[in-house]
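Chemist: All letters in the sequence shown, in the order written, are residues -19 to -1, 1 to 238 by mature numbering (1 follows the signal peptide of the UniProt record, and there is no 0).
These are calculated hints, taken from the structure and not from any lab test.
It is possible that some hints are incorrect.
[What the hints assert, rightly or not] Derived SDA-like pairs: lysine to any residue, alpha-carbon spacing no greater than 20 Å straight-line:
#1 207 with 26
#2 142 with 113
#3 178 with 162
#4 207 with 30
#5 1 with 142
#6 98 with 109
#7 107 with 72
[As the list claims (entries may be wrong)] Label-pair ranges, simulated between beta-carbon atoms:
#8 143 with 98: 38 to 46 Å
#9 223 with 110: 23 to 31 Å
#10 220 with 143: 41 to 49 Å
#11 230 with 174: 17 to 25 Å
#12 47 with 107: 21 to 29 Å
#13 216 with 48: 12 to 20 Å
#14 203 with 90: 26 to 34 Å
#15 184 with 143: 21 to 29 Å
#16 140 with 184: 19 to 27 Å
#17 93 with 174: 50 to 58 Å
Beta carbons are placed, not taken as given, at the ideal position from N, Cα and C, and that holds for glycine.
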Amino acid sequence: MKKIILCLGLLLSSHSVLAKDTVTIYAASSMTNAVGDLVEAYNQQHDSYIVTVFGGSSSLARQIESGAPADVFLSANEKWVSYLVEKKLADIDKVSLIAGNQLVLIKPASSPTQSFKLDQKQEWNKVLDDSRIAVGNTDSVPVGIYAKEALTNLGVWSDVKSKLAQTNNVRSALALVERGESALGIVYKTDALLTDKVEMLQSFEPSLHGAIHYPLVQLNDKLSSKQLVDFIQSDEARSILNKYGFRTDMGNEKFAQ
(Lines of atoms letter the chains of each structure in order from A and count residues from 1; the text may use other names and numbers.)
(Lines give C-alpha, C1' and ligand atoms only; values in the text may rest on other atoms or scores of the structure.)
Protein backbone atom coordinates (compact mmCIF):
# COMPACT_ATOMS: atom_id res chain seq x y z
CA MET A 1 0.00 0.00 0.00
CA LYS A 2 2.85 2.38 0.88
CA LYS A 3 4.41 1.71 -2.53
CA ILE A 4 1.13 2.57 -4.25
CA ILE A 5 0.82 5.83 -2.29
CA LEU A 6 4.46 6.71 -3.05
CA CYS A 7 4.00 6.06 -6.77
CA LEU A 8 0.79 8.08 -6.77
CA GLY A 9 2.60 10.95 -5.05
CA LEU A 10 5.37 10.90 -7.64
CA LEU A 11 2.84 10.86 -10.46
CA LEU A 12 0.96 13.81 -8.99
CA SER A 13 4.22 15.69 -8.49
CA SER A 14 5.25 15.02 -12.10
CA HIS A 15 1.81 16.05 -13.34
CA SER A 16 2.08 19.30 -11.35
CA VAL A 17 5.35 20.19 -13.10
CA LEU A 18 4.04 19.16 -16.51
CA ALA A 19 0.86 21.19 -15.97
CA LYS A 20 2.91 24.36 -15.57
CA ASP A 21 3.88 26.31 -18.67
CA THR A 22 7.59 25.65 -19.21
CA VAL A 23 9.84 28.53 -20.31
CA THR A 24 13.44 27.81 -21.31
CA ILE A 25 15.98 30.62 -21.13
CA TYR A 26 19.41 30.29 -22.69
CA ALA A 27 21.80 32.72 -20.99
CA ALA A 28 25.47 33.66 -21.20
CA SER A 29 27.73 32.09 -18.56
CA SER A 30 28.50 35.49 -17.04
CA MET A 31 24.81 35.77 -16.15
CA THR A 32 24.63 32.43 -14.29
CA ASN A 33 24.28 33.76 -10.75
CA ALA A 34 22.14 36.76 -11.66
CA VAL A 35 19.71 34.71 -13.75
CA GLY A 36 19.43 32.20 -10.92
CA ASP A 37 18.23 34.99 -8.64
CA LEU A 38 15.99 36.43 -11.36
CA VAL A 39 14.27 33.09 -11.83
CA GLU A 40 13.79 32.69 -8.08
CA ALA A 41 12.19 36.13 -7.84
CA TYR A 42 10.05 35.48 -10.94
CA ASN A 43 8.77 32.18 -9.56
CA GLN A 44 7.40 33.96 -6.51
CA GLN A 45 5.03 35.86 -8.81
CA HIS A 46 4.27 33.37 -11.59
CA ASP A 47 3.36 29.71 -11.92
CA SER A 48 5.62 28.91 -14.88
CA TYR A 49 8.38 26.29 -14.74
CA ILE A 50 11.66 27.95 -15.78
CA VAL A 51 14.45 25.90 -17.35
CA THR A 52 17.86 27.60 -17.46
CA VAL A 53 20.69 26.70 -19.83
CA PHE A 54 24.04 28.49 -19.49
CA GLY A 55 27.08 28.58 -21.77
CA GLY A 56 29.11 30.69 -24.15
CA SER A 57 26.87 32.97 -26.21
CA SER A 58 28.28 31.59 -29.46
CA SER A 59 27.58 28.00 -28.42
CA LEU A 60 24.06 28.83 -27.27
CA ALA A 61 23.23 30.70 -30.48
CA ARG A 62 24.38 27.76 -32.58
CA GLN A 63 22.32 25.38 -30.45
CA ILE A 64 19.27 27.56 -31.07
CA GLU A 65 20.07 27.54 -34.79
CA SER A 66 20.15 23.74 -34.63
CA GLY A 67 16.67 23.63 -33.13
CA ALA A 68 17.28 23.76 -29.37
CA PRO A 69 13.99 24.56 -27.57
CA ALA A 70 14.89 28.02 -26.27
CA ASP A 71 12.11 30.52 -25.59
CA VAL A 72 14.33 33.39 -24.45
CA PHE A 73 18.00 34.15 -25.21
CA LEU A 74 20.23 36.41 -23.11
CA SER A 75 23.57 36.97 -24.85
CA ALA A 76 26.80 38.61 -23.65
CA ASN A 77 27.12 40.54 -26.90
CA GLU A 78 25.03 41.77 -29.79
CA LYS A 79 26.80 39.71 -32.45
CA TRP A 80 25.11 36.41 -31.63
CA VAL A 81 21.63 37.90 -31.38
CA SER A 82 22.24 39.59 -34.75
CA TYR A 83 23.27 36.17 -36.05
CA LEU A 84 19.89 34.72 -35.06
CA VAL A 85 18.06 37.73 -36.52
CA GLU A 86 19.88 37.23 -39.83
CA LYS A 87 18.91 33.54 -39.77
CA LYS A 88 15.29 34.64 -39.19
CA LEU A 89 15.28 32.80 -35.87
CA ALA A 90 14.76 35.99 -33.87
CA ASP A 91 12.76 39.17 -34.43
CA ILE A 92 14.71 42.41 -34.08
CA ASP A 93 11.59 44.08 -32.67
CA LYS A 94 11.75 41.70 -29.70
CA VAL A 95 15.35 42.57 -28.76
CA SER A 96 16.21 44.86 -25.86
CA LEU A 97 19.46 45.76 -24.11
CA ILE A 98 19.17 45.02 -20.40
CA ALA A 99 22.69 45.37 -19.01
CA GLY A 100 26.30 46.33 -19.53
CA ASN A 101 29.58 45.11 -18.08
CA GLN A 102 33.27 45.97 -17.76
CA LEU A 103 36.37 44.11 -18.93
CA VAL A 104 39.07 43.55 -16.29
CA LEU A 105 42.47 41.91 -15.91
CA ILE A 106 42.68 39.48 -12.99
CA LYS A 107 45.36 37.47 -11.18
CA PRO A 108 45.26 34.68 -8.59
CA ALA A 109 44.77 36.14 -5.10
CA SER A 110 48.04 34.49 -4.06
CA SER A 111 50.03 36.29 -6.77
CA PRO A 112 52.46 38.96 -5.48
CA THR A 113 51.82 41.24 -8.47
CA GLN A 114 50.38 44.53 -7.21
CA SER A 115 50.41 46.86 -10.23
CA PHE A 116 50.20 46.46 -13.97
CA LYS A 117 50.48 48.75 -17.00
CA LEU A 118 48.30 47.32 -19.73
CA ASP A 119 50.15 48.98 -22.61
CA GLN A 120 53.64 47.86 -21.53
CA LYS A 121 54.81 44.68 -23.29
CA GLN A 122 57.46 44.03 -20.66
CA GLU A 123 54.79 43.97 -17.96
CA TRP A 124 52.96 41.12 -19.68
CA ASN A 125 56.19 39.17 -20.23
CA LYS A 126 57.36 39.68 -16.63
CA VAL A 127 54.15 38.48 -15.02
CA LEU A 128 53.44 35.67 -17.46
CA ASP A 129 56.90 34.11 -17.68
CA ASP A 130 55.93 30.56 -18.76
CA SER A 131 52.27 30.94 -17.80
CA ARG A 132 49.20 31.92 -19.83
CA ILE A 133 46.42 34.50 -20.03
CA ALA A 134 43.05 32.82 -19.49
CA VAL A 135 40.41 34.24 -21.81
CA GLY A 136 37.39 33.18 -23.83
CA ASN A 137 37.95 32.12 -27.43
CA THR A 138 38.94 35.32 -29.23
CA ASP A 139 37.02 34.46 -32.40
CA SER A 140 33.65 33.49 -30.96
CA VAL A 141 33.22 33.97 -27.19
CA PRO A 142 32.18 37.57 -26.41
CA VAL A 143 34.69 38.15 -23.59
CA GLY A 144 37.45 36.87 -25.87
CA ILE A 145 36.34 39.09 -28.74
CA TYR A 146 36.39 42.14 -26.45
CA ALA A 147 39.79 41.10 -25.05
CA LYS A 148 41.34 40.81 -28.51
CA GLU A 149 40.01 44.25 -29.46
CA ALA A 150 41.42 45.78 -26.27
CA LEU A 151 44.82 44.13 -26.57
CA THR A 152 45.05 45.13 -30.23
CA ASN A 153 44.25 48.76 -29.44
CA LEU A 154 46.80 48.71 -26.61
CA GLY A 155 49.44 47.58 -29.11
CA VAL A 156 50.32 44.33 -27.30
CA TRP A 157 48.22 41.75 -29.18
CA SER A 158 51.09 40.45 -31.33
CA ASP A 159 53.20 39.95 -28.21
CA VAL A 160 50.65 38.07 -26.10
CA LYS A 161 48.48 36.15 -28.59
CA SER A 162 50.72 33.08 -28.38
CA LYS A 163 50.31 33.04 -24.59
CA LEU A 164 46.54 32.75 -24.46
CA ALA A 165 44.68 29.89 -22.79
CA GLN A 166 41.40 30.14 -24.71
CA THR A 167 38.20 28.73 -23.22
CA ASN A 168 34.60 28.09 -24.30
CA ASN A 169 33.14 30.64 -21.87
CA VAL A 170 34.15 33.28 -19.35
CA ARG A 171 33.54 31.11 -16.28
CA SER A 172 36.08 28.57 -17.54
CA ALA A 173 38.63 31.37 -17.94
CA LEU A 174 37.88 32.55 -14.41
CA ALA A 175 38.37 29.00 -13.08
CA LEU A 176 41.85 28.75 -14.62
CA VAL A 177 42.96 31.83 -12.67
CA GLU A 178 41.19 30.70 -9.49
CA ARG A 179 43.17 27.46 -9.58
CA GLY A 180 46.43 29.27 -10.32
CA GLU A 181 46.77 27.53 -13.67
CA SER A 182 46.98 30.92 -15.43
CA ALA A 183 48.93 33.89 -14.08
CA LEU A 184 46.50 36.35 -15.65
CA GLY A 185 42.96 36.32 -16.96
CA ILE A 186 40.67 38.67 -18.83
CA VAL A 187 37.08 38.41 -17.63
CA TYR A 188 34.10 40.59 -16.83
CA LYS A 189 34.09 42.61 -13.63
CA THR A 190 30.94 40.80 -12.50
CA ASP A 191 32.75 37.45 -12.66
CA ALA A 192 35.78 38.73 -10.76
CA LEU A 193 33.51 39.98 -7.98
CA LEU A 194 32.09 36.50 -7.37
CA THR A 195 35.22 34.95 -5.87
CA ASP A 196 37.92 35.80 -3.36
CA LYS A 197 40.36 33.52 -5.19
CA VAL A 198 41.17 36.23 -7.74
CA GLU A 199 41.96 39.92 -7.58
CA MET A 200 41.47 42.64 -10.18
CA LEU A 201 44.72 44.20 -11.42
CA GLN A 202 43.34 46.65 -13.95
CA SER A 203 40.19 47.68 -15.76
CA PHE A 204 40.23 48.12 -19.52
CA GLU A 205 38.98 51.49 -20.72
CA PRO A 206 35.62 51.00 -22.51
CA SER A 207 37.01 52.89 -25.52
CA LEU A 208 39.46 50.02 -26.16
CA HIS A 209 36.75 47.59 -27.25
CA GLY A 210 33.17 47.36 -28.44
CA ALA A 211 30.42 48.17 -25.97
CA ILE A 212 29.70 45.24 -23.65
CA HIS A 213 25.95 44.88 -23.95
CA TYR A 214 23.61 42.08 -22.92
CA PRO A 215 20.73 41.83 -25.41
CA LEU A 216 17.63 39.91 -24.38
CA VAL A 217 15.37 38.44 -27.05
CA GLN A 218 12.04 36.62 -26.94
CA LEU A 219 12.21 33.84 -29.52
CA ASN A 220 8.49 33.04 -29.87
CA ASP A 221 5.01 34.40 -29.21
CA LYS A 222 4.25 32.44 -26.03
CA LEU A 223 2.64 34.56 -23.34
CA SER A 224 4.83 32.93 -20.69
CA SER A 225 7.95 33.89 -22.65
CA LYS A 226 6.79 37.50 -22.83
CA GLN A 227 6.03 37.52 -19.11
CA LEU A 228 9.58 36.39 -18.30
CA VAL A 229 11.09 38.96 -20.68
CA ASP A 230 8.95 41.71 -19.17
CA PHE A 231 10.05 40.73 -15.68
CA ILE A 232 13.75 40.77 -16.62
CA GLN A 233 13.25 44.38 -17.74
CA SER A 234 11.50 45.40 -14.51
CA ASP A 235 12.89 47.56 -11.70
CA GLU A 236 13.04 44.51 -9.43
CA ALA A 237 15.17 42.65 -11.97
CA ARG A 238 17.45 45.66 -12.45
CA SER A 239 18.09 45.71 -8.70
CA ILE A 240 19.16 42.07 -8.86
CA LEU A 241 21.47 42.74 -11.81
CA ASN A 242 22.96 45.75 -10.01
CA LYS A 243 23.66 43.55 -6.98
CA TYR A 244 25.97 41.44 -9.13
CA GLY A 245 27.76 44.47 -10.57
CA PHE A 246 25.96 44.77 -13.91
CA ARG A 247 25.24 48.21 -15.26
CA THR A 248 21.55 48.69 -16.05
CA ASP A 249 21.40 52.42 -16.82
CA MET A 250 21.36 51.83 -20.57
CA GLY A 251 20.14 55.37 -21.38
CA ASN A 252 19.87 55.87 -25.14
CA GLU A 253 22.00 52.81 -25.97
CA LYS A 254 20.21 50.72 -28.56
CA PHE A 255 20.66 47.30 -30.10
CA ALA A 256 22.73 47.73 -33.26
CA GLN A 257 22.25 44.82 -35.63
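Chemist: Which numbered hints turn out to be false for this structure?
Modeler: 5, 7, 8, 9, 12, 13, 14 and 17
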